[in-house]
Every structure is written in C-alpha cells, then in structure tokens.
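> So the sequences go chain by chain: L and Y. All the letters of the first sequence, read from the start, carry residue numbers 1 to 334 under the working numbering. All the letters of the second sequence, read from the start, carry residue numbers 1 to 316 under the working numbering.
There could be a bad hint or two in this list.
Simulated restraints, written as ranges between beta carbons of each label pair [what the hints assert, rightly or not]:
(1) R207/Y / R3/L: 38 to 46 Å
(2) T326/L / L110/Y: 47 to 55 Å
(3) L7/L / E187/Y: 30 to 38 Å
(4) A54/L / T63/Y: 27 to 35 Å
(5) E187/Y / L319/L: 19 to 27 Å
(6) Y192/Y / E226/L: 28 to 36 Å
(7) F241/L / G119/Y: 42 to 50 Å
(8) E187/Y / A198/L: 52 to 60 Å
(9) G119/Y / I125/L: 42 to 50 Å
(10) N90/L / V33/Y: 42 to 50 Å
(11) L24/Y / F241/L: 35 to 43 Å
The following residues of chain L were derived to be distant from chain Y, with all beta-carbon distances above 12 Å [unchecked claim]:
(12) T82
(13) K239
(14) D298
(15) L327
Below, simulated BS3-like cross-link-like pairs (lysine-lysine); rule was C-alpha separation at most 30 Å, straight line [unchecked claim]:
(16) K99/L / K188/L
(17) K296/L / K155/Y
(18) K10/L / K186/Y
(19) K296/L / K99/L
(20) K296/L / K108/L
(21) K239/L / K139/L
Read the hints as simulated data drawn from the structure, not as lab findings. Heads up, the beta-carbon is just placed ideally off N, CA and C, and yes, glycines get one too.
Below, each chain spelled out in residue letters.
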Amino acid sequence: MSRRDYLLRKFSLALITVLVVVIINFVLFRILPGDPVRAVIGRNVRISPETQEALRIQFGLDKPLFFNLDSGNWLDSQFFNTLGQWAQGNLGISWSLRKPVAEVLGAKLGNTLLLIGLGQFLSIILGVGLGLVAGWKRKTPLDVGALMFSLIAWAIPTFWLGIILLAAGSTWLGLPTGGIVSPGNVGKPLYTVIPDLARHLILPTLTLTILYMGEYMLIMRSSILEVLSEDYILTAKAKGFSTMQVLWRHALKNAMLPIVTIIALNLGFTVSGAIYIETVYSYDGLGKLFQTALTKQDYPLLQGAFLLLAFSVIVANMLADILYTTLDPRVRAS
Amino acid sequence: MQQGWILFKRNAADFWRVFSRNRLGIAGAFLVVSAVTVAIIAPLLTPYTPQEIIRDAAGRGMTFAPPTAHGPLGTDDGGRDVWTQLVYGARISLTVGFLAGFIAMFIGSLLGIIAGYFGGATDTLLMRITDVLLVIPDLPLMLVLVATLRQMDLKISPLLVLIMVIGLLYWTSTARLIRSQVLSIKERQFVYRARAIGAGHWHIISRHILPQIMPLIVANTVLILSTAILIESGLAFLGLGDPTQPSWGTMLNFAFDRNAVTNGAWWFYLPPGLAIVWVTLGCVLLGNVLEEMLNPRLSAHHLEGEQKILAGKGGS
Chain L
1 MSRRDYLLRK
11 FSLALITVLV
21 VVIINFVLFR
31 ILPGDPVRAV
41 IGRNVRISPE
51 TQEALRIQFG
61 LDKPLFFNLD
71 SGNWLDSQFF
81 NTLGQWAQGN
91 LGISWSLRKP
101 VAEVLGAKLG
111 NTLLLIGLGQ
121 FLSIILGVGL
131 GLVAGWKRKT
141 PLDVGALMFS
151 LIAWAIPTFW
161 LGIILLAAGS
171 TWLGLPTGGI
181 VSPGNVGKPL
191 YTVIPDLARH
201 LILPTLTLTI
211 LYMGEYMLIM
221 RSSILEVLSE
231 DYILTAKAKG
241 FSTMQVLWRH
251 ALKNAMLPIV
261 TIIALNLGFT
271 VSGAIYIETV
281 YSYDGLGKLF
291 QTALTKQDYP
301 LLQGAFLLLA
311 FSVIVANMLA
321 DILYTTLDPR
331 VRAS
Chain Y
1 MQQGWILFKR
11 NAADFWRVFS
21 RNRLGIAGAF
31 LVVSAVTVAI
41 IAPLLTPYTP
51 QEIIRDAAGR
61 GMTFAPPTAH
71 GPLGTDDGGR
81 DVWTQLVYGA
91 RISLTVGFLA
101 GFIAMFIGSL
111 LGIIAGYFGG
121 ATDTLLMRIT
131 DVLLVIPDLP
141 LMLVLVATLR
151 QMDLKISPLL
161 VLIMVIGLLY
171 WTSTARLIRS
181 QVLSIKERQF
191 VYRARAIGAG
201 HWHIISRHIL
211 PQIMPLIVAN
221 TVLILSTAIL
231 IESGLAFLGL
241 GDPTQPSWGT
251 MLNFAFDRNA
261 VTNGAWWFYL
271 PPGLAIVWVT
281 LGCVLLGNVL
291 EEMLNPRLSA
301 HHLEGEQKIL
311 AGKGGS
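Please model the complete structure; the sequences and the hints are all you need to start from.
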C-alpha cells in the first residue's frame, strides 16, 4: 500500500468515526424522555403551550428526523440542521450553568490540557528512561521490579490511586486537597499565581504520571529488547562504540518509534484518566465538568463535552498516523 | 495450541501439575478464588446487614468509628459496618464484572469467528466497526450512554444498565484476537479435508475451529474480567452504580462524597480499593499465565506476553 493510500484510508476512518460519534450524540439526545423543546431550553423553565409550539418551529423540531423527503431539500431535517449548528460551534445552552456549552467548554479546555500535558510529559520521560534501563538490564531485580510496578499500576483504579495520594499528600505534606488555585487567587490569570498553581498541580500530576508511566515503560522495554537483537547493534559494538553510545545513538532512536503511536493511541485512555483525577482533586477542567454535567443531568453540556473529547481523540489519532509515516523511513519508502 | 487444549480438557491432572508449578498463576488463582468465596459466603462472615446502623452503649449511631472502636473495619458516615459492606459489595462488583465480561467475551468471540472464518466483505465490515469503536474514547461514551439509559425510565436496574453497556463495548480486542487465530486455523489441512468430505460451516466451526481457539478464549476471558471489574468500579465511583446495592466502586463514591478523606476515615476508603486491586491483579496474573500455558505460540517469543498485560485496558 502506498503512503497516499494509507493516509487516505486513515483519513476516511477518522471521518467515519466522527460521523458515528455525531449520530450517537444526536440519537441519544432525541431518545431522552419528554418533549425535545424541553431538552433544548431546560426542564424547569415555565412556558405556555403557544410559546412551546413557536419554539418547536423555531428549533426546527417539526421537521423529520433524518431525511426530509417531502420537501425539495432532503437535507432540511433535524439531523442535518443540528449537524450544521455543531459544525459552527453552536452546541446549545447548558441547563445548569445557563451559558452556551461551547463557551463553558472553551473556558476549561486550557486547564485540562495543562494537567494532561504535564502528566504525559513526565510519564514519557520517566517511562522511556526506565523502560530503556529495564530492557538493557533484562532479568535483573531492577527489571523485575519495573515489571511489577507496571502490573500494579494497571490493576489500581485511577480514582482510588488519586484518593490515596490526596489523603497522603494533604495529611503529611500539607498539600492542597483540591481546586486549581487557592480561593484567594481564583479568577486571577494563572501565570500570575504560578507558585500556588504548582502546589495544586503536584498531586494530580503525580497520579497521572504513575498511571501512564507503567505502560510507556512496558512498551519501551519490549521495543528496546527488539532493537538490541538487531544486527546493526552488533555492528556498532564491533566498530568500537561504547555501550552508552550504542544505547543513546542507535538503540533509543529506533526504539522510540512505537512510543509515538502509543502516545496518541492512548489519548482516549488519557481522557478517562482526566475525568477521574479532576473529579477526585476538584480540578477545574473538562473532566470535572463532565462529571458535574453527569450528576446534574445537564444533557447539552454532557453531549457537548462528549463531542469535544471524542473529536479531539479522533483527530489526535489521525495525526499520530501521519506523524508515524513521516518518522519511520520503512513506512515512508513502501 | 491443540496440545494445550488436550491438556486442559482431557487431562486435568496434567494441567494442574504444570499450572501448580507456576507461582504467579497460583497467586492469581488464589486471589480470584478467595474473592469469589467471600462473595458467596458473605452472610456467614458478618453478623450485620449492609444497611444496619451500629449503635454504641447509649443507643447512638456510631459514625466514622475507627476499627479500634468497632471491629474489624469500623463504620462509615452513616454508622454502617464497613466490613459488612465490603463482603456484600464483593457480590455486586463480581456479579457485574463477571456478567459484563462474559457478554463482551461472547460477542467478541462470535464476531471474531465470523469475521475470520467467512472473510471478505463480512470481515471488512466487522473490522471497520472495531476500528471505529477503538478510537472513540470509551469512558465518555459509556457515561453518556449510561446517563441516557437511566434517564429513559426503562424500569431496569442500574446494575443491568452497567452490565449491558460494559459488555456491549468491550468486545473489540477479543474480536481481533480471535479473528487472527481463526484466520490461521482455517488454512490448516484438517479444515480443508473436512470441507472436502462435505462438512458444513457449522460443523467446521464447532468441531474444528472452536476447540482450537477455546484455550485462547478462556485466557482472554479472565483478562477481560479484570477490565470489566475496573470499569464497573470507575462508573460506580462517578455515581452510576446502584446506591441500594453498593459495589466496591459505589462504596468509594460514598466515601469520597461524604468526606472520608478529610475526616481521616482511612478504614472507609482503603479497603474497597484494595479489594478491587486484589481481584484485578488476580485476574491479570491468572490470565497471563493461562495464556502462556494454553497458547504455545506465546512461549515461542515471550516478548508478546508483556504487552498482553495492557491489552484492553479501558476507562479506569
């Protein structure tokens, strides 16, 4: 398969996935009990039947669900009109916050990216480093210990690890139990309160790092073992390079390739981690928002958040595929 | 693989002899079997019921009583016995996890066999579906699904909703694994011979292919169980469990919401989490060892075994 065909296939897969997500989102919203007008304006708003009918027409809820076969324009249906709204970034109004969903999501996105970014950065550095050493010193106590660590990190529920670190960190180290900054600093631009922000970030970041590290370590370990058995490593040794030079220059570069795809493929998993950890640490990001929307049964917010998260993960996956073909000369050539 | 299956099916003694020498396998089996035993005999392990309020000598409910005041694990915020909730919680957590895991395993195996055996357009379609499902972030999807289903007033128990949603979403990795096995098995001589003498699809699948992939299905099921139990605990922690039938995840949801952490009530939030780790670790150890034993393919290049540990980790 040529590179163009490969990318085209990945792109169409991403497109189909987005379509599936959009359809799921649309259908779920429609099968909720009660009048759809209620679903748009909120359950507890008092309106007369006339207003309700007017709204029904205004929101296009009198139109067919998927295909408008009676009119000249087949696409003049609830589904395609909603799709058009979503494409313009209009995700409806949050019931609980009485603000446009897109605005609410936009305000939290940065906080989540900060947390996930920090956690990923640390876990990649530590995981790759530890995996490299574990693979190099295979079957030593260090290797076995690293394997046990990743096994246990896998078996621990994310949120429970968060609760334990929260309890330990706040009791013994006096770290804050939640939030993104102290109450006195709420509302100030984050870069002006960096020391306070950092103190709040320590525990959630640590939880995320422990969580992701095990997996990166395992992948790096098997990747490095594979690379070390290659002939060019033997050649490099024979040419007189030191072990460190071989590891650094020859082995690491090639072993890093799988990590690139794993990072992006893991993004769905990363998103799950963010939902749990932000809930445990009351960290003011998308994950916490998702959980709040869930408990308050705020459907427009829930669905908007789902749409945003799913869309980001799908796009990141596609980008990783493209990046991989650029990085790996073998894929590039074939 | 056939060798492994014969060991497994006809010669339980031989299987046990090999298995009992594997320390990790024994440890895993112990963890799983002990948890299942506790779940079954729960009422025998405690004099209380999960909802019963423990009272002190003066008749007041004992809230957040430490293990030193009320053994063995103290009480929760409402004065209920934590140990009792823990052993009864095992029933809920294990039932939901096992049922969801079995559903996922059944769908995955069925679709994997169909895709691998029939090939062609069926295969392409089924594999595209798994591709799509693998990319959609699983936890947000499950949360939206569960929230909607519960809102719909279907008169079904919240636990059943959890079982269905987990079971219907976690079959993709099993389907891919089974498919790749079926693809290689259907090219073997004995399948060609069976077809040559006029055997139908059903006969070939049930008599020739299924026995070959059964060991893999068994090992994979144990691994899927650990994922299902983790996911259940996560969804329950986020408040989607059944408050009247608390699982370990629901207990943690209560503990967290009712400030067990700030009250220093470690006996309330540590045991349920340890119980979850107990079972999931047991399943992962057991699953990996079974896979290694029953699938000679893996013993040929042991590097694969390590990656398997992570296969199928979902939203927890």
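> Next, verify each hint and record whether it holds.
Here's how the hints hold up against the structure:
| no. | hint | result |
| --- | --- | --- |
| 1 | R207/Y / R3/L: 38 to 46 Å | holds (44 Å) |
| 2 | T326/L / L110/Y: 47 to 55 Å | violated (39 Å) |
| 3 | L7/L / E187/Y: 30 to 38 Å | holds (31 Å) |
| 4 | A54/L / T63/Y: 27 to 35 Å | violated (53 Å) |
| 5 | E187/Y / L319/L: 19 to 27 Å | violated (37 Å) |
| 6 | Y192/Y / E226/L: 28 to 36 Å | holds (35 Å) |
| 7 | F241/L / G119/Y: 42 to 50 Å | holds (48 Å) |
| 8 | E187/Y / A198/L: 52 to 60 Å | holds (59 Å) |
| 9 | G119/Y / I125/L: 42 to 50 Å | holds (44 Å) |
| 10 | N90/L / V33/Y: 42 to 50 Å | violated (55 Å) |
| 11 | L24/Y / F241/L: 35 to 43 Å | holds (38 Å) |
| 12 | T82 | holds (16 Å) |
| 13 | K239 | holds (27 Å) |
| 14 | D298 | violated (10 Å) |
| 15 | L327 | holds (20 Å) |
| 16 | K99/L / K188/L | holds (21 Å) |
| 17 | K296/L / K155/Y | holds (21 Å) |
| 18 | K10/L / K186/Y | holds (29 Å) |
| 19 | K296/L / K99/L | holds (15 Å) |
| 20 | K296/L / K108/L | holds (18 Å) |
| 21 | K239/L / K139/L | holds (27 Å) |
Hint compliance for this structure: hints 2, 4, 5, 10 and 14 are not met, and every other hint is.
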